[in-house]
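This is what each chain is made of:
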Amino acid sequence: MPAPATLLATTADGHLLVLSIVVPVAGVLLSFVLSERYVRQIALAVMPVGAAIAMAILLALPRGDGFIVYLLGAWSPPLGVALRADGLSAVMLAATAIIICAVGVYAAADSPPAAGSRRVPFAFWVLLMAIWAALNTIFVGGDLFTLYVALELLTFAAVPLVSLEGRADTLRAALRYLLFALVGSVFYLMGTALLYGLYGTLDILLLSHRVSAEPGVLIAAALMTSGLLAKTALFPLHLWLPPAHAGAPAAASAILSGLVVKGSFFILLRLWFDVLLALPGFAAAQILATLGAGAIVVGSIVALRQDRLKLLVAYSTLAQIGYLFLLFPLALDGQGRLDTGPALAGGLIQAISHATAKAAMFMAVGSIYAGLGHDRITGIGGTARALPLSVMTFALAGFALMGLQPGGASLAKELLLLETARTGQWWWAGALQFGGMFTAAYVLLVLVHALSPPDQPVALAARPRRGSDLAALALALCSLLLGLLPWQPYLPIPYALESKLFGVESLVKSLITVLGGTALAILLSPWPHPLVGTMAWKDLARVLGPFRRAGLGLGGLVERGDRVLRQWPVAGICMLAVTVLLAASMFGAD
Amino acid sequence: MGTVTVFGLCAAAVVGLGLYGVIANPQPLRKIIAFNLLGSGVFLLFGVIGRRGAVAGIGSDPVPQALVITGVVVAFSATALAIALLLRLFDTAGPATLDSDAPTRPRPDRFGG
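Heads up: the sequence lines are chains A and B, in that order. The first sequence begins at 1 in our numbering and counts up by one. The second sequence begins at 1 in our numbering and counts up by one.
Chain A with its partners taken away, still in its complex shape (with noise of 0.2 Å):
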């Protein structure tokens, strides 16, 4: 880290920072003065912007020693504000902006704007812009309060995205959503006020230079952590997630599951690794990780048990949010304290694979809910010969999702196994690989009843949008190609890895990966297979009954479980014990 006097001034394009934030906004302010009739072409104009901002910035970063640095009104912290860019704020910018830019062409394409309600667009883009706004607020916010407003205006954007189409069972889902939130940010809010009242100073740089393990500061570490982990839908804490997530339109589900709950898993990362580093970090990276695990068991094993695309695909967002909190015991170092490293890397180029890839599979099955009027799983049958485009879409973002090369998923796994290797943590090298083969299988389930044929023929009661299955398409062919851009200026990757995405090792991986996924799915999928009835399906079917038959008993009672926590109280609890088990950890260690 250079030395704090260099960061403490604004560098040569800081302006640029400013920028990001202020050309969202702009846009929000002009489609509320200019009304309802434009805010489309506001929106579409400040897209192309907002993405030449954020490469600007990828493109100016390496020039300036690796951070940019903006003092709001030239006054320095502590008094000041600052805001601030490293590798990590530019890399997350970039793809912030190709999510937002796909979504937004699919959206325009997609959505022809309806006689009787203009409402209904003026919100969702409205919202974009703001979304896109709280975000980039996010990733350069240069103190802790900043980022507590940018959270919230993060929330408040998009919990109204959830209910845009103003149902009984989505306001729902929305209120459950902006209620659990708000507890998280008083959590979190609670933590820096302990912060302040210590150190006299929320900026992040000042912070990390005078915290050390003092019980004032573990408090508001557990505090912050768990406020973060109930915003980012962590398990136990996911009560929100699945309603929110399936119930609202494709294009607002698409930046909800894939942006959204980067946002706070961004915070928790700049607190983590930027202000705590001095905390003993053992016990809470376990916790985290444990956690973790259960969100990929849990959340893989109730999506293969869902009857709908959509709930499915939320779910699925449930485990591989889980999948990203395996970085924490990775990065720790040898005295047991988080390190900026490889395994910080490898779980941010997940959480960028996740994004793109899980917008474009939330839009493939807008457009195959919005060409079948359904989205019944076994109801599918012959959509891949209707909907060519869409099917392949969602299979090109499970491909990447699931680890194959050279998607940015098989990168981050590559990187993470590295890192258990390193730091002789191989249990954790176990959750990595169940987890690649729970994607595959619920990946697998859609593609297979997807490709098989019709009972009767398919019927579409809309034709998708070129434009908008292109765009789908194109996100997620990018998820499929992040393995192979040069992420070394801006991540801590220490060693080149191109050589070892392409090997015979990495592809017997990727085999096994893909075995084990179909294996899953077979026995943990209650739905009838779309080829019962075959003489070579019943031999099978004579032979895994048993197994079969304990899968799904085993599956129903995960279910189960998962709606106990999805209750109210219970979720109230959970966060309740995370956050003194958190902290309990941390004093034990001390």
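Hints were generated in silico from the structure; no laboratory data involved. Careful, some of the hints might be misleading.
[Unchecked claim] Going by beta-carbon spacing under 10 Å, a handful of chain A positions derived as facing chain B: (1) G166; (2) L189; (3) Y196; (4) G197; (5) W568.
[What the hints assert, rightly or not] Each pair of labels, with its calculated beta carbon distance range: (6) A:R376 with B:G94: 27 to 33 Å; (7) B:F76 with A:G80: 23 to 29 Å; (8) A:P62 with B:S60: 44 to 50 Å; (9) B:F90 with A:A584: 39 to 45 Å; (10) B:P95 with A:G80: 47 to 53 Å.
Computed from a predicted model, the values in this text were never measured in an experiment. Ideal Cβ positions, reconstructed from N, Cα and C, are used throughout, including at glycine.
Please build the complex by placing chain B on the supplied structure of chain A, with the hints as guidance.
Same frame as chain A, but now just chain B:
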């Protein structure tokens, strides 16, 4: 026991009450009110921190006041949004609860075929 300590304990008590209300009350409106109580407790905590003077040498620190004002605005917007959602929910669905999930379709036969 100094003034600061008394106010600090009050803040803790208000946070506790708010937390209990948010978790235990089933009605959404009461949850919203409890959230406001919880927020007030945290703002009081900020006040205590400002009075105590976090920065060495300053008797009462003005920065926490600025933070609290921002926090109040955020909490106000949050409450307004929550109430708006609640009213819409009441208009569309009648008595508003958070309890039931979206209605689920009947499940098909479990064991294939």
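Taking the hints in turn, this is what the structure says about them:
Look at G166 (chain A): its Cβ gets to within about 7 Å of chain B, closer than 10 Å, so that hint holds up. A distance limit of 10 Å between C-beta atoms decides the matter here; for L189 (chain A) the minimum to chain B is near 5 Å, and the interface restraint holds. For the restraint placing Y196 (chain A) at the interface with chain B, the shortest Cβ-Cβ distance is roughly 6 Å, inside the 10 Å limit, so the hint holds. The beta carbon of G197 (chain A) comes within 4 Å of a beta carbon in chain B, closer than 10 Å, and the hint placing it at the interface holds.
Against a cut-off of 10 Å between C-beta atoms, the interface hint on W568 (chain A) holds, since the closest Cβ of chain B lies about 6 Å away. Checked against the given bound of 27 to 33 Å, the beta carbons of R376 (chain A) and G94 (chain B), roughly 28 Å apart, stay inside it. Checked against the hint of 23 to 29 Å, the pair F76 (chain B) and G80 (chain A) passes, with Cβ atoms roughly 26 Å apart. Remark: the range hint 44 to 50 Å for P62 (chain A) to S60 (chain B) is upheld by a beta-carbon distance near 45 Å.
Hint check: F90 (chain B) to A584 (chain A), Cβ distance near 42 Å, so the stated range 39 to 45 Å holds. Taking the beta carbon of each, P95 (chain B) and G80 (chain A) are about 50 Å apart, inside 47 to 53 Å as hinted.
Violated hints are absent here; each numbered hint is respected by the structure.
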